[in-house]
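Given chain A's structure and the hints, the job is docking chain B onto it.
Number of protein chains: 2
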Amino acid sequence: MFDRVRVLWLGDEVIPGSPELIDFLIKNNKRVIVLTNNATKSRAVYADKLASLGFNRQLDKNFLVNPAAVIADALYRAGIAGYKKVYLIGAQGVRDEMDALGIEYFGHGPEPLDTADGSTFMYDIDLEVEPSKVGAVVIGYERHFNYHKLMKATNYLKQRHCLFLATNEDETCPGPNPDVVIPDAGPIVAAVRCASGREPLTVGKPNSPSFDYIRRRWNIEPERTMMVGDRTNTDVKFGRDHGLKTLLVLSGCHQLEDIMDNHKNDLPDMIPDYFATCLGALLSRGQN
Amino acid sequence: MFDRVRVLWLGDEVIPGSPELIDFLIKNNKRVIVLTNNATKSRAVYADKLASLGFNRQLDKNFLVNPAAVIADALYRAGIAGYKKVYLIGAQGVRDEMDALGIEYFGHGPEPLDTADGSTFMYDIDLEVEPSKVGAVVIGYERHFNYHKLMKATNYLKQRHCLFLATNEDETCPGPNPDVVIPDAGPIVAAVRCASGREPLTVGKPNSPSFDYIRRRWNIEPERTMMVGDRTNTDVKFGRDHGLKTLLVLSGCHQLEDIMDNHKNDLPDMIPDYFATCLGALLSRGQN
Numbered sequence: 001m002f003d004r005v006r007v008l009w010l011g012d013e014v015i016p017g018s019p020e021l022i023d024f025l026i027k028n029n030k031r032v033i034v035l036t037n038n039a040t041k042s043r044a045v046y047a048d049k050l051a052s053l054g055f056n057r058q059l060d061k062n063f064l065v066n067p068a069a070v071i072a073d074a075l076y077r078a079g080i081a082g083y084k085k086v087y088l089i090g091a092q093g094v095r096d097e098m099d100a101l102g103i104e105y106f107g108h109g110p111e112p113l114d115t116a117d118g119s120t121f122m123y124d125i126d127l128e129v130e131p132s133k134v135g136a137v138v139i140g141y142e143r144h145f146n147y148h149k150l151m152k153a154t155n156y157l158k159q160r161h162c163l164f165l166a167t168n169e170d171e172t173c174p175g176p177n178p179d180v181v182i183p184d185a186g187p188i189v190a191a192v193r194c195a196s197g198r199e200p201l202t203v204g205k206p207n208s209p210s211f212d213y214i215r216r217r218w219n220i221e222p223e224r225t226m227m228v229g230d231r232t233n234t235d236v237k238f239g240r241d242h243g244l245k246t247l248l249v250l251s252g253c254h255q256l257e258d259i260m261d262n263h264k265n266d267l268p269d270m271i272p273d274y275f276a277t278c279l280g281a282l283l284s285r286g287q288n
Numbered sequence: 001m002f003d004r005v006r007v008l009w010l011g012d013e014v015i016p017g018s019p020e021l022i023d024f025l026i027k028n029n030k031r032v033i034v035l036t037n038n039a040t041k042s043r044a045v046y047a048d049k050l051a052s053l054g055f056n057r058q059l060d061k062n063f064l065v066n067p068a069a070v071i072a073d074a075l076y077r078a079g080i081a082g083y084k085k086v087y088l089i090g091a092q093g094v095r096d097e098m099d100a101l102g103i104e105y106f107g108h109g110p111e112p113l114d115t116a117d118g119s120t121f122m123y124d125i126d127l128e129v130e131p132s133k134v135g136a137v138v139i140g141y142e143r144h145f146n147y148h149k150l151m152k153a154t155n156y157l158k159q160r161h162c163l164f165l166a167t168n169e170d171e172t173c174p175g176p177n178p179d180v181v182i183p184d185a186g187p188i189v190a191a192v193r194c195a196s197g198r199e200p201l202t203v204g205k206p207n208s209p210s211f212d213y214i215r216r217r218w219n220i221e222p223e224r225t226m227m228v229g230d231r232t233n234t235d236v237k238f239g240r241d242h243g244l245k246t247l248l249v250l251s252g253c254h255q256l257e258d259i260m261d262n263h264k265n266d267l268p269d270m271i272p273d274y275f276a277t278c279l280g281a282l283l284s285r286g287q288n
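Residue numbers (UniProt numbering), protein chains in the order written: chain A, 1 to 288; chain B, 1 to 288.
FYI, nobody ran anything at the bench for these hints, they're computed from the structure.
Everything numeric in this text was worked out from a predicted model, so none of it was measured.
Among the hints, erroneous ones may be present.
Said to hold, decoys possible - Okay, derived cross-link-like pairs now, BS3-like style, lysine-lysine, Cα gap no bigger than 30 Å in a straight line:
| # | chain 1 | residue 1 | chain 2 | residue 2 |
| --- | --- | --- | --- | --- |
| 1 | B | LYS245 | B | LYS61 |
| 2 | A | LYS264 | B | LYS61 |
| 3 | A | LYS158 | A | LYS85 |
| 4 | B | LYS61 | A | LYS158 |
Claimed, not checked - On the chain A side, residues computed to face chain B include the following (Cβ under 7 Å):
| # | residue |
| --- | --- |
| 5 | ALA81 |
| 6 | ALA91 |
| 7 | GLN92 |
| 8 | LEU113 |
| 9 | GLY118 |
| 10 | ASP124 |
For glycine and all other residues, C-beta sits at the position ideal for the given N, C-alpha and C.
Chain A extracted, bound-state conformation (with noise of 0.2 Å):
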């Protein structure tokens, strides 16, 4: 099972060797699955964006796994399609998905311009939908998430019956730019939580939705896998928190020193089994 951004490729770059070594795994009928917490975009756009980059063609968009895709799962046996809509803070990925499943939601681009001051409370807001058909609240990263949408998504949480999920919580995501932050679902998420004061189901790693959702599908075996990833906190967490065995990839966020900060604060769910300075380098030594 492996993570995508920095370990796979990042932007428009592969990984080198990666491919490689994805391919070798699938000659040798090891089941490899893709698990990414990036919820803008579809599996099927990630598939393309795979296939360009030169991976094995068999790696297409049922091996992938993304929040977006378990949510609208999780929402889908929720019993809302065609029984209530979601009001969802989050990206295209997420409506491509739940548009699959056949799953109302509503809420999602940008808000009209808000002209008034600023010197002044917020009193009331137009919710567009009765909150008693609001099954869902749905938050992920969302360019055009602002005070009107944090609003309202407080306003329908309000309602007990109402479901939180979150696709992820990550802080940050890694851009094209080195030198601009990029805020991802996690502030959002944060924001959200305050206001309503509820805690969201976050689907994305490290948290078990994401693991339940890919047992469910391919009935694994956790002690015979092993998650790939270039995160501690996320993937390493998710792979030992689930029973599965762990490599690092040290081409991403996370380096050595890392690992032994997690030693010395007694952190030992974010240590992996083993460690890589990526994925090519496991190739050479599988192949010899």
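Same frame as chain A, now just chain B:
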């Protein structure tokens, strides 16, 4: 020392008996200070409101304290004025208090409408002012808060020299429509804290900066001072943490059951020394 909302007045309604009690105290040569966590209006605006509601006119803006005034004072003492600029996510009250001390700020108010389709991450922003010229980021309630502002604040805070101040962290605030929850500054601060990985100095109750400001200004003796408010987790905690006597009025947010809960949950700093149904009730006792 008095909290404002639900103690002295709420919306356009005075809490019955409150003006009479304040009047009684002033005529008996007690010093009366009003300390609010609301930074959306300047002290001058609140003073006008107090007068229009029939409060003793000696209670003018010089006896009012709000986080906007405390932040402007802190920035002034830090030498920001005339030297660096402040990136502000905050309402008119903060602007007025900064104007009064000659502190330059930018970034407040509506952002240009982002018409991108939201399917991808936003990778770049126009920071308006060069990071090296920004000495502080100030966060408070701002109805125009959005992802662009979050991203700007996060990128300014990447510089270690940049101060990070917040007006208050109230999760929600009381409004005229009881069916609508109004998120306050807390959720906005939570988002910026999460994205930046930095901890703000929050000046509002129950934190110390407001107390330090009051002590510096009036040289009060804590043991001869009483904090009167309607919330155990802001007003009472503020009083107890700083050695003041505390009185909870039940005309507002927290009730006797909340005090009992705090007993049970071993939260002595949220248990008031005294309580009263409202300020008016105190007056009849004081006069008898």
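- request: Sort out which numbered hints this structure fails and list those numbers smallest first.
  value: Failing hints, ascending: 2, 4 and 5.
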